[in-house]
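The numbers in numbering that gives the first Met the number 0 rise by one with no breaks, and the one at position 373 of the sequence shown is 372.
You may find that some hints are simply not true.
As the list claims (entries may be wrong) - Each computed BS3-like pair below joins lysine-lysine, with the alpha-carbon atoms no more than 27 Å apart:
#1 Lys336 / Lys281
#2 Lys18 / Lys287
#3 Lys2 / Lys310
#4 Lys310 / Lys187
#5 Lys336 / Lys310
#6 Lys287 / Lys357
#7 Lys269 / Lys310
#8 Lys310 / Lys52
#9 Lys287 / Lys310
#10 Lys336 / Lys357
#11 Lys357 / Lys6
#12 Lys336 / Lys287
#13 Lys144 / Lys336
#14 Lys197 / Lys265
#15 Lys6 / Lys281
#16 Lys18 / Lys6
#17 Lys6 / Lys355
#18 Lys187 / Lys269
#19 Lys187 / Lys281
#20 Lys355 / Lys287
#21 Lys197 / Lys269
#22 Lys253 / Lys281
#23 Lys336 / Lys355
#24 Lys253 / Lys197
#25 Lys253 / Lys265
#26 Lys336 / Lys8
#27 Lys269 / Lys287
#28 Lys281 / Lys265
#29 Lys269 / Lys166
#30 Lys8 / Lys253
#31 Lys310 / Lys281
#32 Lys6 / Lys287
#33 Lys82 / Lys52
Simulated from the structure, these hints should not be mistaken for laboratory data.
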Amino acid sequence: MGKWTDKLKADPTPWLLEKACPSIRFRLFAEIQRRPSDDPDLMGARQEVYSYKPPHTIAAARSDDGTWFNSLMGFEAMNLQRKRGPGLVWQYLALVEYGWGQDHPIIWSTSELLQGLLWEDPSIDLCELNGYLGGDPAVQAFLRKRLSRIAMALLCRSGFENDAGVKRKSDELFAELDSFYRGDIESKIYVGEHIREKETDEGTIEEVCSVFPSDQPVPEYMLLLQLAHNTNLRQREGGQELIDRLVDFLFSQKPAEHEVTQVGGKTFEKYTRFSIRTMEQKDYEEQKLVGQLLQDLEILARCGALTRVPKAVAFLDWLIGLQDEEGVVRADDFIEKTVNRLDYVYFPLEDNWRGKHKKFTDVTFRLFLILSLLDQSEAS
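Let the sequences and hints guide you as you build the complete structure.
Dropping the structure here:
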């Protein structure tokens with residue numbers, strides 16, 4: 000154990016190995032205990048992961064074109080009868096989160112498609128995104144660049160950060176980030192306002208949206224995922240200092256209520272904002288959003304920047320205090336009743352949360368992982 004894992008009331012490993020699903024057991028061996036690839040327990044757990052029903056169901060729905068449901072970024076609940084569901088980005092990320100590795104043919108072949116997206120290959124069909132094009136080359140260029148950055152994040156998340164192409168694109172990203180996140184960032188992050196109409200139960204209302212530049216790497220979920228898993232970028236000279244600058248800005252800036260970018264007369268939403276920026280402990284308690292909080296904290300821990308954010312450290316201390324004497328987080332009063340993977344891309348690893356121990360294993364593992372990541376970061 001280390002500085003952070005010493006805060007656990009007890010080592011939850013025995014309980015997790017007895018109660019948890021194959022994905023949690025595999026990731027406990029791989030990411031917390033960091034066992035070698037030829038460890039018998041690790042190898043056995045990985046084979047169980049490949050036959051575990053949730054990722055197996057995802058893999059079975061993959062289309063011949065390498066996407067899921069002929070979609071790249073589709074974001075809707077899975078309905079196999081209607082042939083609808085999340086697209087390539089979210090399904091691939093889910094498989095990797097479940098513990099599927101490069102040795103699996105689906106991960107390997109999908110990574111080849113991601114390589115094409117990384118290099119903005121014009122021959123790759125934009126699938127559902129074609130509806131945005133309207134014959135405008137600027138919109139197509141914007142979407143392909145956005146997909147390139149997403150593909151880089153996914154490739155890093157699945158262990159391809161040492162690929163030559165990924166390294167080259169990482170160098171480009173580093174240069175852009177290093178230039179953008181210097182000086183008066185506040186004056187660069189937004190370039191205007193956009194008024195849009197929204198239908199509500201009370202009628203039509205107007206929303207004021209802050210417009211961020213379409214050609215700059217502004218903070219969003221996929222950028223942070225990239226930084227969290229791109230070890231080469233983090234470990235290069237100035238890499239961690241750059242991430243620290245970005246995170247410091249992210250948490251010092253008052254977030255706009257609505258954020259969009261505009262290209263060719265079309266408006267695109269910013270992907271994901273961190274709830275931790277705007278919510279307090281009482282909000283997580285009252286709305287039962289411990290899963291969402293853990294997701295944000297894990298990204299910060301993987302970026303090596305969690306301890307730079309006092310609010311994040313306070314949240315972590317609160318979660319640590321929710322353990323029982325076995326080191327298990329049984330905080331049912333604050334944990335979501337059900338979790339949709341489309342809302343929580345890191346959750347759930349268990350097949351469902353209808354049994355209480357299943358949600359407890361998920362959140363206990365996630366807290367244990369965050370503390371282990373902090374120890375590993377401070378030891379390196």
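Structure-based check of each hint:
| no. | hint | result |
| --- | --- | --- |
| 1 | Lys336 / Lys281 | holds, 17 Å |
| 2 | Lys18 / Lys287 | holds, 23 Å |
| 3 | Lys2 / Lys310 | holds, 19 Å |
| 4 | Lys310 / Lys187 | holds, 25 Å |
| 5 | Lys336 / Lys310 | holds, 25 Å |
| 6 | Lys287 / Lys357 | holds, 16 Å |
| 7 | Lys269 / Lys310 | holds, 23 Å |
| 8 | Lys310 / Lys52 | violated, 37 Å |
| 9 | Lys287 / Lys310 | holds, 18 Å |
| 10 | Lys336 / Lys357 | holds, 11 Å |
| 11 | Lys357 / Lys6 | holds, 23 Å |
| 12 | Lys336 / Lys287 | holds, 8 Å |
| 13 | Lys144 / Lys336 | violated, 37 Å |
| 14 | Lys197 / Lys265 | holds, 16 Å |
| 15 | Lys6 / Lys281 | holds, 23 Å |
| 16 | Lys18 / Lys6 | holds, 22 Å |
| 17 | Lys6 / Lys355 | holds, 24 Å |
| 18 | Lys187 / Lys269 | holds, 16 Å |
| 19 | Lys187 / Lys281 | violated, 33 Å |
| 20 | Lys355 / Lys287 | holds, 14 Å |
| 21 | Lys197 / Lys269 | holds, 17 Å |
| 22 | Lys253 / Lys281 | holds, 19 Å |
| 23 | Lys336 / Lys355 | holds, 9 Å |
| 24 | Lys253 / Lys197 | holds, 23 Å |
| 25 | Lys253 / Lys265 | holds, 26 Å |
| 26 | Lys336 / Lys8 | holds, 25 Å |
| 27 | Lys269 / Lys287 | holds, 25 Å |
| 28 | Lys281 / Lys265 | violated, 38 Å |
| 29 | Lys269 / Lys166 | holds, 26 Å |
| 30 | Lys8 / Lys253 | violated, 36 Å |
| 31 | Lys310 / Lys281 | holds, 13 Å |
| 32 | Lys6 / Lys287 | holds, 23 Å |
| 33 | Lys82 / Lys52 | holds, 18 Å |
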